[in-house]
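Okay, here's what each chain looks like letter by letter:
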Amino acid sequence: MTGSLLLWRRKAVNIAMLTVTGMCTVVAAGILIFILGYLFIHGAASLNWNFFTKLPTPVGETGGGMANAIVGSAKLLLIASFIGIPIGFLAGVYLSEFGEGVFAFAVRYVTDLLNGVPSIVMGIFAYTIIVLPQKHFSTWAGGIALGVMMIPIAVRSSEEFLRAVPKALREGSMALGASRAQAIFTVVIPAAKNGIITGVMLNIARVSGETAPLLFTSFSNRYWSEGLNQPTASLPVMIYTYAVAPYEDWHQQAWSAGFVLLTLVLGVNVFARLVLARNRHVAR
Amino acid sequence: MGITFLCAFSILAITAYLVWELWINSVLPRHQFGFNFLRTQTWDPVAGQFGALPFIYGTLVTSAVALVIAVPLGVGSAVFLAELAPPALSDALAFLIELLAAVPSVIYGLLGIFILVPGLRIIEPYLKAVLGWTPLFSGPFYGVSLFSAGVVLSVMIVPFIISISREVIRAVPNDQREAALALGATRWETVWDAVLPFASRGIAGSIFLALARSLGETMAVTMVVGNDPKIKASLLAPGYSIAAVIANEFTEATGELYTQSLIELGLVLFALTVIINGAARLMMAASERGKV
Chain W
1 MTGSLLLWRR KAVNIAMLTV TGMCTVVAAG ILIFILGYLF IHGAASLNWN FFTKLPTPVG
61 ETGGGMANAI VGSAKLLLIA SFIGIPIGFL AGVYLSEFGE GVFAFAVRYV TDLLNGVPSI
121 VMGIFAYTII VLPQKHFSTW AGGIALGVMM IPIAVRSSEE FLRAVPKALR EGSMALGASR
181 AQAIFTVVIP AAKNGIITGV MLNIARVSGE TAPLLFTSFS NRYWSEGLNQ PTASLPVMIY
241 TYAVAPYEDW HQQAWSAGFV LLTLVLGVNV FARLVLARNR HVAR
Chain F
1 MGITFLCAFS ILAITAYLVW ELWINSVLPR HQFGFNFLRT QTWDPVAGQF GALPFIYGTL
61 VTSAVALVIA VPLGVGSAVF LAELAPPALS DALAFLIELL AAVPSVIYGL LGIFILVPGL
121 RIIEPYLKAV LGWTPLFSGP FYGVSLFSAG VVLSVMIVPF IISISREVIR AVPNDQREAA
181 LALGATRWET VWDAVLPFAS RGIAGSIFLA LARSLGETMA VTMVVGNDPK IKASLLAPGY
241 SIAAVIANEF TEATGELYTQ SLIELGLVLF ALTVIINGAA RLMMAASERG KV
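Line order of the protein sequences matches chains W and F. Residue numbering for the first sequence follows our numbering, starting at 1 and increasing by one per position. Residue numbering for the second sequence follows our numbering, starting at 1 and increasing by one per position.
Derived from the structure by calculation, the hints contain no laboratory data. Yeah, the Cβ is synthetic: ideal placement off N, Cα and C, and Gly gets one too. Some clues are possibly wrong.
Pulled from the structure, derived: some chain F residues nowhere near chain W, Cβ distances all over 12 angstroms [unchecked claim]:
id, residue
1, Gln41
2, Ala47
3, Tyr57
4, Tyr108
5, Ile122
6, Pro135
7, Thr186
8, Glu252
9, Leu257
Which residues of chain F face chain W? A partial, calculated answer using Cβ under 10 angstroms [what the hints assert, rightly or not]:
id, residue
10, His31
11, Gly74
12, Val75
13, Leu100
14, Ser105
15, Gly139
16, Tyr142
17, Ala247
18, Gly278
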């Protein structure tokens, strides 16, 4: 009697706990669907062509857009990519092709640490090395902050994809008389091309939403920012400023900007993961 | 080939430069307050008094709330995805959850301000009816609070816990499961007694990684934490965090001592995350080695 009661209890616990784990998953996935749904409905509703073509209007005046912020974000990402991707990629080549011993271990370890540095601390770093000596905010400073953030991810993803290239390819090309460098640059890297491009795209998508490192480096600007030496508006900072401001009209603009930013970020993510690197583990 | 070495070396150089810059640009408060900077509660820029304790407290408390919510949710989902769900469903859901990790922080802040805070105002009476007897859920509630920030953070870190834990649980050898099942264990008993203990170090590593992320999280916290540098027992009271005070006050800080105090806060945050991250990496490495 007690035996069957115990068995019944065990079965009940089994079903109950398994259901709980299922519910956890439903909640976690439900949150994403809710976020996407809400942003799409709310953001798309207030989105119009002006958003992409007009400058922000002063408080109280309706209309206007964030054209300067979109261009500003593009400029920041361009600078960041020119800094972060070459350094990170070449360091990744070093780690995958020559990466043994204490030095390589130290580089990997420090890369992981750098990856974990809070983004706001990167902002302080760019502030102390650029804004402080120059005594003004600039697009450069913001771009450099984002660029440094890109390095660790670029290192890890390129190392991982290069390592996945079979050894036979390296040996084969060297047996045909290629030097080590020729083998790497003409055979190994082209073989890992898709993975590397995926890594670059995900990397850009990640930093494109970063706000904290821009607050006191590229700052903000209500007008067009000329060249790279002036402060510039950017989409994430605009979302922040508009969301915490007390004006209903600005909140709508914040939703539109959030919608545009999220569509870009998730679009790149889906494309890169599904099309370029199917079923491959992607480094974070 | 020299250039690849140079790039690898530059990572060490950049990190060293980062630490150096944080250090030399926070000399003033270190000189003036010493360790009292970390121990005192008064943050009064006008009087030139800078004590970091309320920010350290807020950072730790919001992250603790986030972990209390995110760990059961994350590990539960990871178990479901790794052990129960059919592979196709598991991969599809894992993909969705990875996307959740790609959503920018400022978007979470936006949703926090306009959805979570009004939502919590509705739930708050029920929350108080159940938990109001503890000091943690006492006092007035304005919507923005340490608790709200913790909830937003939990949503942000759950994807990390799920995706890493799922990988770790999947890597547990099948022998473990088969042995337990053969002894007559139920599915849940197998998971609880044979699989999870085997994966525990890896799961702990994923939790530490998530913790490091939530400690340094800036925008979403800044937008819902209330920005009030006081230490209160209640989670429903507004608070502040290290990252949030840097984000809010850096551009308007007047005087070198003020700016440098904020930079020293950055240094504190940097040290905290480096320690937690280092611990997480060690645990993950240990769990990889345990995988015979």
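These are the hints, each one checked on the structure:
no., hint, verdict
1, Gln41, "holds (22 angstroms)"
2, Ala47, "holds (24 angstroms)"
3, Tyr57, "holds (17 angstroms)"
4, Tyr108, "violated (8 angstroms)"
5, Ile122, "holds (16 angstroms)"
6, Pro135, "holds (28 angstroms)"
7, Thr186, "violated (4 angstroms)"
8, Glu252, "violated (10 angstroms)"
9, Leu257, "holds (15 angstroms)"
10, His31, "violated (18 angstroms)"
11, Gly74, "holds (7 angstroms)"
12, Val75, "holds (8 angstroms)"
13, Leu100, "holds (5 angstroms)"
14, Ser105, "holds (6 angstroms)"
15, Gly139, "violated (24 angstroms)"
16, Tyr142, "violated (15 angstroms)"
17, Ala247, "holds (6 angstroms)"
18, Gly278, "holds (7 angstroms)"
Checked against the numbered hints listed earlier, the structure breaks hints 4, 7, 8, 10, 15, 16; every other hint is satisfied.
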